[in-house]
Amino acid sequence: MILFTVLAAAPFAFPPTAAFQESAPAAAVVAAKEAADAKSAYEAIRAAYDAELDRYTTAVNELYASEEWAAANKARDREKMDALRAALPAVDGEAYARRFLDAAARYEGDAGQALFYRGVIDTTKSGELLTSAYESLLSKHAGSESAFAATLDLSWRGGGLAEETFAGLVERTLASDAPAAVKANVLYARASVLARSAGKPEDMTPEQKAAYDADMARVVEIAPDSIVAYRVQGPTFEKERLQVGMTAPNIVGTDVFGNAMSLEQFRGKVVVLDFWGDW
Amino acid sequence: MYPHERSLVERLKDQPFALVGMNSDEDLAKLHRRMEEENITWPSFWNGPYGTSGPISARWNVHTWPSIFVIDAEGVIRFKNVRGARMDAAVDELLREMGIEPPPVVEHEE
Numbered sequence: 001m002i003l004f005t006v007l008a009a010a011p012f013a014f015p016p017t018a019a020f021q022e023s024a025p026a027a028a029v030v031a032a033k034e035a036a037d038a039k040s041a042y043e044a045i046r047a048a049y050d051a052e053l054d055r056y057t058t059a060v061n062e063l064y065a066s067e068e069w070a071a072a073n074k075a076r077d078r079e080k081m082d083a084l085r086a087a088l089p090a091v092d093g094e095a096y097a098r099r100f101l102d103a104a105a106r107y108e109g110d111a112g113q114a115l116f117y118r119g120v121i122d123t124t125k126s127g128e129l130l131t132s133a134y135e136s137l138l139s140k141h142a143g144s145e146s147a148f149a150a151t152l153d154l155s156w157r158g159g160g161l162a163e164e165t166f167a168g169l170v171e172r173t174l175a176s177d178a179p180a181a182v183k184a185n186v187l188y189a190r191a192s193v194l195a196r197s198a199g200k201p202e203d204m205t206p207e208q209k210a211a212y213d214a215d216m217a218r219v220v221e222i223a224p225d226s227i228v229a230y231r232v233q234g235p236t237f238e239k240e241r242l243q244v245g246m247t248a249p250n251i252v253g254t255d256v257f258g259n260a261m262s263l264e265q266f267r268g269k270v271v272v273l274d275f276w277g278d279w
Numbered sequence: 280m281y282p283h284e285r286s287l288v289e290r291l292k293d294q295p296f297a298l299v300g301m302n303s304d305e306d307l308a309k310l311h312r313r314m315e316e317e318n319i320t321w322p323s324f325w326n327g328p329y330g331t332s333g334p335i336s337a338r339w340n341v342h343t344w345p346s347i348f349v350i351d352a353e354g355v356i357r358f359k360n361v362r363g364a365r366m367d368a369a370v371d372e373l374l375r376e377m378g379i380e381p382p383p384v385v386e387h388e389e
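Read top to bottom, the protein sequences are chains V and G.
Residue 1 is where the first sequence starts when you use my numbering, and the numbers rise one by one after that.
Residue 280 is where the second sequence starts when you use my numbering, and the numbers rise one by one after that.
Think of the hints as simulated: they come from the structure by calculation, not from any bench.
A quick note: this is a predicted structure, and the numbers were derived from the prediction, not measured.
For glycine and all other residues, C-beta sits at the position ideal for the given N, C-alpha and C.
Please note: incorrect hints may appear among the correct ones.
Restricting the straight-line Cα-Cα distance to at most 16 Å, the calculated cross-link-like pairs of lysine to aspartate or glutamate (EDC-like) are [what the hints assert, rightly or not]:
hint, chain 1, residue 1, chain 2, residue 2
1, V, 125, V, 177
2, V, 140, V, 94
3, G, 292, G, 380
4, G, 309, V, 108
5, V, 269, G, 376
6, V, 269, G, 293
7, V, 269, G, 305
8, G, 309, V, 278
9, V, 125, V, 153
10, G, 359, V, 238
11, V, 200, V, 213
12, V, 125, V, 94
13, V, 269, G, 353
If the Cβ cut is set under 7 Å, some of the chain G residues that face chain V in the computed set are [to be verified]:
hint, residue
14, 299
15, 302
16, 346
17, 356
18, 379
Where chain V lies over chain G, by a calculated footprint (3+ residues, C-beta under 8 Å) [unchecked claim]:
hint, segment
19, 282–295
20, 312–323
21, 329–336
22, 366–376
Okay, chain G solo, but in the shape it has when bound:
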C-alpha cells in the first residue's frame, strides 16, 4: 500500500488533490515512528484509542481495512473501494472533470 500511496501523492502534489487517511492504530507513539520510517507525509484523522473499534469507522460502517472513498471537489462520494490502478483512474477522472489534465501514472511497486 505505502509505495502506491506515496507515488499517488508525489504525482499529484501540484494538483487540487488530497490523500486523507483515517488511521485505526491504538498506539500513537509507535504510529509516529512508523510514519517516519515509511515517509507517510499525508494527513490522517485518528480513530481514537480503541483502534478498529473506534467511533469514526463505526459511524461509517467500515469493517474492512483498507476501505476507500473517493470524494470529488464538491464533497460528493464518487467511488468506493477502488484500489491500485482503479484508484489512480478514479482520481484522474475527477481531476479531468475540473478541467485538469493530471500528470501520467508512472510505474510503481505495489
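The shape of chain V in the complex, shown without the other chains:
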C-alpha cells in the first residue's frame, strides 16, 4: 500500500511575510500591520466583485427559468435570445481590475501587494494588464501564495498573453529564485500552451513534442508533490492504480471542517467516493 499525502504537501506553505524577516523589529511591526491592511483592502474589493458575480448568476438563472426565454427558445428566435442575454447586468471585470491595480500602487514595498496583482489577474481580460500583473507578481512576490495560485492558472490564462511576452515571463521566472512549486507551475503552463497551439498534443511536431516532454518531466523532477506534477502523472496513475479491481490508493487529507480524515478509515464499509462541488 503506497500512501500519499496531499494537503500536507510542502508547496502549499508559503510564509506571506517572508520578505520582512530581516527587517528591524519596528519595521516588521509596521510591515505586519500593512499586510493586514492589504488583506482587508483586497477582501473588500473582492467581496464587491463576488457579490456582482452572484447577482449576475442569479439573473442568468432567472432568465433561463422565465416564460419569455422559454418562448424565444421554442420559436428559435436567436435575436430575441441575444437581446434578453444582453439586457443582463454584466459584470465590468475591467473596472475591478483597475481598482486592484490602483490598490497595488498604494501597497508598494508591502508583501500584501501580491494579493492585488492576483486580483487583477482574476478579473481582467486585457492581455496588457494580465501581462503586467504577472510580471509584477513574479518579479516582486515570487514566494507568495498569490504567485503560486496565479501561476497554477497560467496554463489556461497563458493564451491571453502575447506569445513573446509569455515566453519571456516563463524564462525570467525559471531564472529567478522563485520557489520550485512556482517554477513547476510555469513549466507546466509553457508545455500546455505549446500543446494547445498545435491543436491536440498528438499534432505537435517532433521538436515541439521534445520540448513538451522535457518541460513536463522537469515539473515532476523539481516539485514531485505539487498539483501540476499530479496532473502530469494523472493519466498514468489512473491506468496503474485506479482501475476496477485495484485497491484504491489511500487519501490522507482533511475534511471540509479541517479534521484529519483518510480513505482507509472507512475500510470494512462499502464506500461511495463522490467528487463533488456545490455549483
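On the provided structure of chain V, position chain G as indicated by the hints.
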C-alpha cells in the same frame, strides 16, 4: 444529486456503508452554509483552496464533476461513474457480497 444522496445515506444508515465526498469548492464558509441548507451530513474531504484545480482531483485524474468510485469493504475499486439507480444497484451488490440484504430503494426525486 442531493436528494438522491440523502435518500441513499438514509436508506443505508444502519449498514456498513459510507458516502464519502471529495469536495472541490473554494469557499469553505459558503460551503458550510450550503451543507446546512441542503442537510448534507455525510463526511467530505476537501480538495483545497484551488477548487477543481486541487491536488486530490489532480492525483486521481478527475476532470468531470461529479465523478464516482464505488469501493468494497476490502478497499477495492469495484465500479466507476455509476449514477442514479445504477449507483444504488452497485452498492446493494457489494452489501450482498457481505451477506447483507439491504433495505429496498424507495422512490426519490432526482
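Hints, verified against the model:
no. : hint          : result
1   : 125/V x 177/V : violated (29 Å)
2   : 140/V x 94/V  : violated (23 Å)
3   : 292/G x 380/G : holds (13 Å)
4   : 309/G x 108/V : violated (32 Å)
5   : 269/V x 376/G : holds (12 Å)
6   : 269/V x 293/G : holds (11 Å)
7   : 269/V x 305/G : violated (29 Å)
8   : 309/G x 278/V : holds (9 Å)
9   : 125/V x 153/V : holds (14 Å)
10  : 359/G x 238/V : holds (12 Å)
11  : 200/V x 213/V : holds (14 Å)
12  : 125/V x 94/V  : holds (7 Å)
13  : 269/V x 353/G : holds (8 Å)
14  : 299           : holds (5 Å)
15  : 302           : holds (5 Å)
16  : 346           : holds (4 Å)
17  : 356           : holds (5 Å)
18  : 379           : violated (9 Å)
19  : 282–295       : holds (count 4)
20  : 312–323       : holds (count 5)
21  : 329–336       : holds (count 8)
22  : 366–376       : holds (count 4)
In this structure, the earlier hints numbered 1, 2, 4, 7 and 18 are contradicted, and the remaining ones agree with it.
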